[in-house]
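Quick note, the sequences are listed as chains Y, W, C and B, same order.
Going by numbering that gives the first Met the number 0, 13 is the number at position 14 of the first sequence; the sequence numbering is gapless.
Going by numbering that gives the first Met the number 0, 418 is the number at position 419 of the second sequence; the sequence numbering is gapless.
Going by numbering that gives the first Met the number 0, 307 is the number at position 308 of the third sequence; the sequence numbering is gapless.
Going by numbering that gives the first Met the number 0, 65 is the number at position 66 of the fourth sequence; the sequence numbering is gapless.
Any given hint might turn out to be false.
As the list claims (entries may be wrong) - Computed far set for chain Y versus chain W, every beta-carbon distance over 10 Å:
{"hint": "1", "residue": "P31"}
{"hint": "2", "residue": "E48"}
{"hint": "3", "residue": "P49"}
{"hint": "4", "residue": "E80"}
{"hint": "5", "residue": "A83"}
{"hint": "6", "residue": "G176"}
{"hint": "7", "residue": "G197"}
{"hint": "8", "residue": "G297"}
{"hint": "9", "residue": "L305"}
{"hint": "10", "residue": "R383"}
{"hint": "11", "residue": "R439"}
To be verified - Selected chain Y positions facing chain C (in silico; Cβ < 7 Å):
{"hint": "12", "residue": "T7"}
{"hint": "13", "residue": "A150"}
{"hint": "14", "residue": "G152"}
{"hint": "15", "residue": "N163"}
Claimed, not checked - Some chain Y residues close to chain C (C-beta under 7 Å, calculated; not the full set):
{"hint": "16", "residue": "H2"}
{"hint": "17", "residue": "P5"}
{"hint": "18", "residue": "A43"}
{"hint": "19", "residue": "S47"}
{"hint": "20", "residue": "D50"}
{"hint": "21", "residue": "T177"}
Everything labelled a hint here was simulated from the structure, so no lab data went into it.
Glycine included, each C-beta is placed from N, C-alpha and C at the ideal position.
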Amino acid sequence: MGHFVPHTDAEIAEMLAFLGLSSTEDLFATVPEALRLAGGLAMAPGLSEPDVAAEMGRLAAVNAVFPQLVCFAGGGVYDHEVPAATRSLTFRSEFVTAYTPYQPEVAQGVLQMLFEYQTMVARLAGLEVANASLYDGASALVEGVNLAVAASGRSTVWLSRGVNPSWRSVLETFSAGTGHELVDVALVDGVTAWPADGQVGAVVVQYPNYLGCLEDLGEARRAADRAGALLVVVSDPVSTGLLRSPGSFGADVVVGEGQPFGTPMSFGGPLLGLFACRMSHIRRLPGRLVGETVDVEGRTAYVTTLRTREQDIRREKASSNVCTNQTLIAVACAIQLSWLGTGGLRELALRCARGTRYTRHALLGIDGVAPLVGAPTLREFAVRTPVPAATVVERMADEGFLAGVALSDEFGGGLLVAVTERRTRAEIDQYAAAFEKVVR
Amino acid sequence: MGHFVPHTDAEIAEMLAFLGLSSTEDLFATVPEALRLAGGLAMAPGLSEPDVAAEMGRLAAVNAVFPQLVCFAGGGVYDHEVPAATRSLTFRSEFVTAYTPYQPEVAQGVLQMLFEYQTMVARLAGLEVANASLYDGASALVEGVNLAVAASGRSTVWLSRGVNPSWRSVLETFSAGTGHELVDVALVDGVTAWPADGQVGAVVVQYPNYLGCLEDLGEARRAADRAGALLVVVSDPVSTGLLRSPGSFGADVVVGEGQPFGTPMSFGGPLLGLFACRMSHIRRLPGRLVGETVDVEGRTAYVTTLRTREQDIRREKASSNVCTNQTLIAVACAIQLSWLGTGGLRELALRCARGTRYTRHALLGIDGVAPLVGAPTLREFAVRTPVPAATVVERMADEGFLAGVALSDEFGGGLLVAVTERRTRAEIDQYAAAFEKVVR
Amino acid sequence: MTGGAPGGRALSAPIMGRAEEPTVFELSSPGRSAWSFRTTGVPEWTAEELVPADHLRPEPLALPEVSERDLVGHVTRLSARQYSVDLGAYPLGSCTMKYNPKLCDDAAGLAGLAGAHPSAPAALTQGWMELLADLAARLCAITGMHAATLQPPAGAAGELTGLLLMRAWHRDQGRQRTKVIIPDSAHGTNPASVTLGGYTTVTVPSDARGCVDVAALRERLDDDVAGIMLTNPNTLGLFEEDIAEIAAAVHEVGGLLYYDGANLNAILGVTRPGDMGFDIVHMNLHKTFAVPHGGGGPGAGPVAVSERLAPYLPGPLPIVGDDGAWEWFTPARSIGRVHSWHGNALALARAYSYILANGGDGLRKVAEAAVLNANWLRQRLRGSYDMPYDRPGMHEFVASAASLKRTAGLKAVDVAKRLLEEGFHAPTVYFPLIVEEALMIEPTETESPQTMEALAQALERIAADPEGASAAPRSTPVGRVDEARAARHLIPTWDARPEPRTSE
Amino acid sequence: MTGGAPGGRALSAPIMGRAEEPTVFELSSPGRSAWSFRTTGVPEWTAEELVPADHLRPEPLALPEVSERDLVGHVTRLSARQYSVDLGAYPLGSCTMKYNPKLCDDAAGLAGLAGAHPSAPAALTQGWMELLADLAARLCAITGMHAATLQPPAGAAGELTGLLLMRAWHRDQGRQRTKVIIPDSAHGTNPASVTLGGYTTVTVPSDARGCVDVAALRERLDDDVAGIMLTNPNTLGLFEEDIAEIAAAVHEVGGLLYYDGANLNAILGVTRPGDMGFDIVHMNLHKTFAVPHGGGGPGAGPVAVSERLAPYLPGPLPIVGDDGAWEWFTPARSIGRVHSWHGNALALARAYSYILANGGDGLRKVAEAAVLNANWLRQRLRGSYDMPYDRPGMHEFVASAASLKRTAGLKAVDVAKRLLEEGFHAPTVYFPLIVEEALMIEPTETESPQTMEALAQALERIAADPEGASAAPRSTPVGRVDEARAARHLIPTWDARPEPRTSE
Ligand SMILES: Cc1ncc(COP(=O)(O)O)c(C=O)c1O
Ligand SMILES: Cc1ncc(COP(=O)(O)O)c(C=O)c1O
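Work out the full structure: start from the sequences and follow the hints.
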């Protein structure tokens with residue numbers, strides 16, 4: 000349809016005439032004839048708006064989502080409520096249709112939102128500074144390790160097996176380029192058992208870890224100290240409503256996934272990479288950073304700062320290659336954290352923990368269902384099931400539940416179950432009843 | 000919950016102290032003890048946001064709407080497409096959460112939108128001036144008759160039976176107060192047969208009329224001239240994309256329903272009363288009027304004008320009692336008409352007319368289905384059915400269709416069918432097939 | 000260029016300064032378009048085939064021809080020239096410009112509500128009918144009445160509906176009365192509605208305390224009085240303490256009491272019109288129950304009545320039938336429809352969601368905070384502005400700039416325009432009519448004490464430094480608007496503009 | 000008052016002037032709240048019962064305590080301090096800030112898309128998988144490639160993914176190469192990605208015509224070269240006419256060609272990277288395919304490759320299984336995941352809806368109008384600005400303020416700030432690095448000829464009247480911002496502010 004090109008034929012003719020050209024084909028004179036696409040793209044012509052809506056609606060209708068499918072899956076992406084205020088504010092077109100704030104004089108809206116975001120993310124981490132977002136938790140982890148390696152000058156990394164396996168896989172992928180040596184550190188009954196000695200650049204632990212267990216961050220800090228490494232903590236920001244901050248345990252870098260704050264599960268994207276570090280590492284901070292300053296008349300103003308770290312200035316020596324990040328998701332996160340406030344964040348964490356305990360108790364009452372590991376958990380837990388976890392997930396779908404995430408062999412199988420503040424007692428009771436049925 | 004009151008208990012105490020009061024109950028000291036509501040409202044406590052959403056969702060899910068129910072009903076409210084642009088622009092919070100533009104210096108957004116709306120509504124009517132909206136087509140009709148009666152000094156009204164019966168009923172209700180004498184004028188084979196003589200204040204005709212038929216507006220104008228009356232035309236603005244404007248036939252006042260432009264069917268509200276008249280009647284115009292002017296520095300500015308007609312100034316002598324109108328729906332209408340543009344409005348009317356012809360043809364091919372009246376129709380038509388129309392509607396609902404509007408005995412029964420640009424050939428074919436089945 | 004003004008230019012967005020935004024007609028360029036329709040497969044008959052020649056429009060109707068991009072830009076820029084509750088406080092007296100929770104937007108946006116055709120058989124709209132019935136029941140509980148119609152689309156429509164109910168009732172009592180009494184402080188819609196209801200307005204003065212002068216009222220009461228229309232609290236924000244006495248007096252002569260519910264916000268859960276003796280009550284859901292005002296509407300103005308008036312209500316109304324399902328029912332002596340369908344249904348759904356969210360406890364809190372804010376502000380401003388009725392009031396109060404006008408030339412309108420500069424919307428000015436240079440201030444319950452403090456300081460600054468206020472506002476998208484010129488050189492449409500037009 | 004700044008005050012909305020907006024921390028008042036959670040009926044264990052003591056947070060984490068009303072006011076006012084495409088033209092070179100149709104917002108908002116958990120079994124997400132597979136197929140058709148991954152969440156992530164693909168391929172060829180060649184006009188992400196990909200950057204200069212100096216390139220080619228990264232059209236907006244020769248030369252030494260798709264908008268339906276000889280292509284869906292930029296993201300940077308590289312793509316990818324249903328599949332020699340799930344899925348859905356709406360014909364029109372607008376504007380501005388490469392180009396062009404700087408002291412940054420005053424966003428400045436005082440202008444196809452005219456006139460006015468431009472912009476929410484101070488006195492969070500804080 001070319002529906003979004005405003006030019007009328009008469010206007011195109013007029014503009015071409017101004018250029019001394021006689022057809023739109025002439026516009027591409029510098030494209031060698033041999034490279035021109037004869038016959039145009041092999042693609043159907045454009046559809047009208049309602050036709051596109053119908054087609055997108057058809058595709059959407061094929062996926063099973065709430066309320067047909069009640070979600071007990073987590074593993075990094077969680078089914079939290081997104082209130083109407085957060086949704087409607089985030090999607091103000093001024094935020095949605097702006098570019099990266101290169102011209103601060105007309106970008107104070109995005110800049111101040113990011114400044115507020117950074118402040119809240121730093122508080123969640125218990126550290127002094129946070130950046131303006133990264134792609135997802137996994138990319139934040141990659142950048143955290145890169146920072147630690149650069150700061151320590153050592154490229155070996157102790158990587159807890161309690162870190163989200165998908166994130167570890169991303170880290171591994173990118174380590175092919177950076178040359179980091181990743182040393183997996185195994186879990187013992189759900190928590191990481193750190194090597195007694197060795198010299199490494201980074202010690203990476205997740206809190207609570209992938210199996211939902213509360214790692215001993217004090218232990219991780221001591222392991223890092225022994226190894227001369229920076230401590231990189233992958234932290235669940237929702238749990239932070241109840242847990243001591245990683246910074247209070249001595250983390251140097253804290254990364255995490257911000258999706259739980261204001262963004263729907265979205266089939267896993269867009270997500271939001273949270274990144275915070277100590278002030279002493281700020282020159283190695285990846286990505287954008289907003290700082291407060293003043294304008295010519297002394298009014299408070301915000302601007303992206305310490306830009307000399309960034310790729311457009313530093314080029315091959317940049318601290319990271321990130322350019323476009325996840326600003327709008329960071330805006331949603333800042334709005335959602337403000338909507339929650341001090342009391343709401345605590346209440347949110349509490350409700351998740353309560354639902355988790357209630358669900359865990361219900362499942363463990365089923366014959367043949369047992370805890371996968373013994374360590375205490377908070378908002379997610381793993382169970383061993385009498386039939387393979389993947390089968391449980393499959394059968395539970397017919398009952399209207401996404402039962403959880405089936406764990407890989409690395410963990411000896413098992414099912415990872417997450418319970419958010421959205422899950423009612425009635426839903427959990429039905430879930431447990433269905434569970435009992437399908438594992439029989 | 001009282002969730003939207005920001006005051007903390009400490010703040011309330013402080014404010015009360017400033018007033019020398021000791022409790023919130025003291026705030027109501029001027030309310031005589033005997034009148035105080037003991038024990039509070041007999042109403043359950045407030046619900047959380049997700050709980051309200053769940054309850055509203057439950058109520059919404061009980062109604063049958065597209066795609067479960069494909070709509071062939073009209074009768075004043077039509078199933079037109081509302082494009083994403085119209086929706087997202089209309090619901091900009093600056094428009095949604097503003098009051099009537101009493102302070103023009105901070106209301107240029109709403110005022111200019113209304114100015115553009117008035118211009119487009121006047122063009123649709125083929126008249127010089129339009130107001131800034133009335134409640135619905137029915138209330139616009141009431142105001143149109145009031146204007147005609149006041150302008151002519153005669154309170155008898157010739158009211159075509161081709162005017163929407165629901166609107167006629169509203170007119171009748173309000174005539175109990177104004178004392179107008181409404182004289183129904185019957186249809187003959189679908190079009191109004193005007194009395195040869197008489198002296199009346201208003202002649203009211205609908206174009207196309209309730210049965211979808213094209214009235215002879217020239218005839219109506221002549222009837223009005225003979226009777227010394229103003230000609231009030233109820234006009235379908237969508238049809239105006241193909242039909243000559245009522246103004247071109249000599250209408251003095253044109254009223255109509257603006258819902259088809261940018262507002263969903265909404266169970267019949269909010270709707271939008273369109274109102275236009277000749278410039279010579281402007282001092283009797285009901286409701287708000289926006290005019291162009293300048294500010295102190297000579298910049299173009301808009302403001303509500305000729306306010307001396309209005310109730311807040313004129314009080315018991317006002318041209319109307321309207322205060323709050325349907326501004327946001329008028330904004331949606333202005334946006335939608337701009338989205339349609341010259342070509343789109345014509346195309347819209349054309350598509351409705353094509354679908355209507357195709358559907359009519361399909362239905363008339365069914366045994367026992369016959370035209371109710373003979374006059375030509377455009378976007379809506381009435382058929383006689385072998386089983387009562389109400390039964391057809393009931394049975395068709397089980398087939399997934401809202402078959403139309405069952406006509407009352409006044410019209411000798413029959414089914415009124417409307418087809419909009421949204422209806423595909425496949426939908427119409429299925430509709431006709433189901434129709435054939437249910438009338439058997 | 001072939002035609003049209005530039006569309007992709009934010010010149011008129013205040014963010015970029017105070018330049019004008021062209022009209023959409025100026026952005027138009029012949030042949031440009033934004034429309035897009037579903038592919039239907041329906042045969043493509045021509046206009047000539049579909050329309051008889053004598054009806055066929057000779058040329059297309061001229062509408063703006065713009066791209067979606069330019070339309071979006073235009074309307075977005077216009078929105079940036081508009082103040083709103085979501086931008087800041089809006090202490091517009093009588094209008095109750097509270098913050099409207101976003102959850103209500105979600106409710107109104109549900110496809111199962113917005114997508115319903117109103118003529119669908121009851122079996123297909125049970126959810127809507129339950130919603131309307133429960134809303135009516137809750138409004139009755141709030142007002143202390145017996146039954147309600149949700150049809151009136153705004154307050155004024157509710158008034159007229161109420162007066163027609165009054166009329167029908169008196170008719171059935173066998174005698175058509177001719178007069179309706181309203182106080183001199185009443186809103187303009189009251190007398191206008193009285194006229195349209197076929198009655199004559201009789202005005203009763205207010206006494207020195209700002210309430211109905213009961214003695215004067217008694218003088219006006221006779222058996223030609225159909226009823227009285229009151230707001231309580233009245234438009235001065237004061238509770239009519241003698242309401243029981245007034246009710247008794249009016250009832251004694253066979254009249255009815257009509258309650259204008261524009262100020263209902265003040266008494267939610269505290270007292271009820273029904274308990275005060277009112278027979279007919281309209282509510283402005285767009286004031287009290289978080290239907291956003293939309294720049295001037297749509298609102299909703301349901302009318303609730305006492306038992307004896309219930310048979311006169313407009314129909315149809317949803318009731319539970321024998322089989323437990325909802326069905327439509329029209330009362331025996333119904334005055335008839337007052338709306339083409341069921342009123343502003345989506346606005347009703349918004350209000351319903353708001354009432355659910357607040358519940359009985361929350362509504363009471365609304366009234367408390369609204370009254371607290373207003374009294375705090377009145378008390379605070381006593382030193383800066385005249386307070387013609389300086390005593391505890393309800394959710395709003397009326398100050399006066401009369402002294403400031405005399406001493407410093409600062410009129411009510413100047414205070415209003417200065418307040419715009421200070422970042423707040425202006426109060427209602429010159430209403431009610433009985434107060435000279437009236438400033439009618441209604442903070443509402445959703446403004447925090449901090450905002451109240453800032454509002455107080457701004458109003459104090461204005462009173463303390465009236466210099467140059469007649470040049471205000473200076474920081475708004477346009478400066479003070481020439482309203483007289485608008486009426487003198489009337490330009491009600493773009494086509495009526497005097498200047499020559501180059502394109503459309 | 001107990002604490003906090005006023006929340007309901009629009010002082011900082013530009014509509015009300017240029018005052019500051021307090022931070023949300025300043026609006027906070029202890030004990031105030033907006034949160035609201037579902038009633039669940041789950042037992043209410045205490046924190047102490049749920050969390051081991053050594054893990055339990057000693058005190059609640061301090062976040063802003065605001066009402067929903069104040070939060071809405073705050074964020075709405077901040078939005079009013081922000082320029083955006085929906086407000087006006089945004090000729091930011093290299094960024095392709097076109098208008099993004101609103102229908103794409105609808106697509107991304109569908110509950111059936113937004114509500115899906117990514118770990119759900121394939122049987123429950125067939126719609127998503129079909130969407131992703133068809134999008135990948137269409138992107139391959141557009142670029143002339145064989146297979147694609149949609150995982151990379153932005154262009155830079157796509158680059159690094161591409162370099163890792165290159166690396167894996169060379170590894171399997173038995174020899175790890177060390178160098179990647181990039182032109183001196185390249186975007187900064189290119190060299191940064193090269194480093195992260197474990198390669199060394201070798202820069203090849205541009206020739207006098209603004210294209211890769213082929214002779215210089217040949218000098219740099221040896222069997223240690225893993226490949227070359229190019230954009231075509233390049234960052235000067237010029238088509239690399241020698242691309243076939245370049246491809247042959249690079250391939251001859253066993254290197255691969257990487258296509259940075261930031262400029263793909265220019266060649267949609269005209270020519271394809273695959274046909275030019277590229278082996279790896281990333282696309283910025285947020286530039287070319289109407290994913291709005293969100294103030295800096297999220298975007299989407301899919302990578303498409305030729306057949307020989309397909310086995311290395313990140314997985315899982317959706318493919319049709321034996322039973323005709325979609326299933327996940329990871330290529331044999333996959334480099335591994337580059338995103339924790341399937342990339343920015345909702346952004347991908349937006350782009351997909353945009354591609355459906357345009358179709359093959361529409362995409363070609365996009366390129367035509369983008370190139371037409373850019374060339375028209377370049378031609379028009381030749382008299383006002385230096386055009387270092389003054390010949391027909393593609394969708395953007397780079398002008399220079401070098402002469403104006405010399406003659407009138409008007410720097411590129413001053414032109415940018417003046418243009419903000421004129422109601423337009425500024426072009427990209429000081430990039431590419433090879434042009435002095437560069438002004439990189441990309442009008443995009445969605446701006447009308449009328450807007451182009453207005454933009455041209457504004458830029459002409461600026462060049463003609465450079466006086467006082469260093470004081471620009473004057474009509475924006477803040478004046479020129481002190482960037483140096485921000486770096487010198489770093490305040491990256493509200494907690495780092497030097498001033499004493501009264502409340503939080
Ligand atoms: C006291 C009073 N009565 C009646 C009305 C009229 O209500 P509406 O504008 O909804 O018609 C208003 C509205 O401002 C009012 O304030
Ligand atoms: C030429 C070029 N390459 C690469 C990029 C990086 O893309 P992204 O910002 O999506 O990471 C950009 C973005 O501005 C660009 O313009």
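Can you list which hints this structure breaks, lowest number first?
Going through the list in order, the structure violates hints 2, 3, 4, 5, 13, 14, 15, 18, 21 and respects the others.
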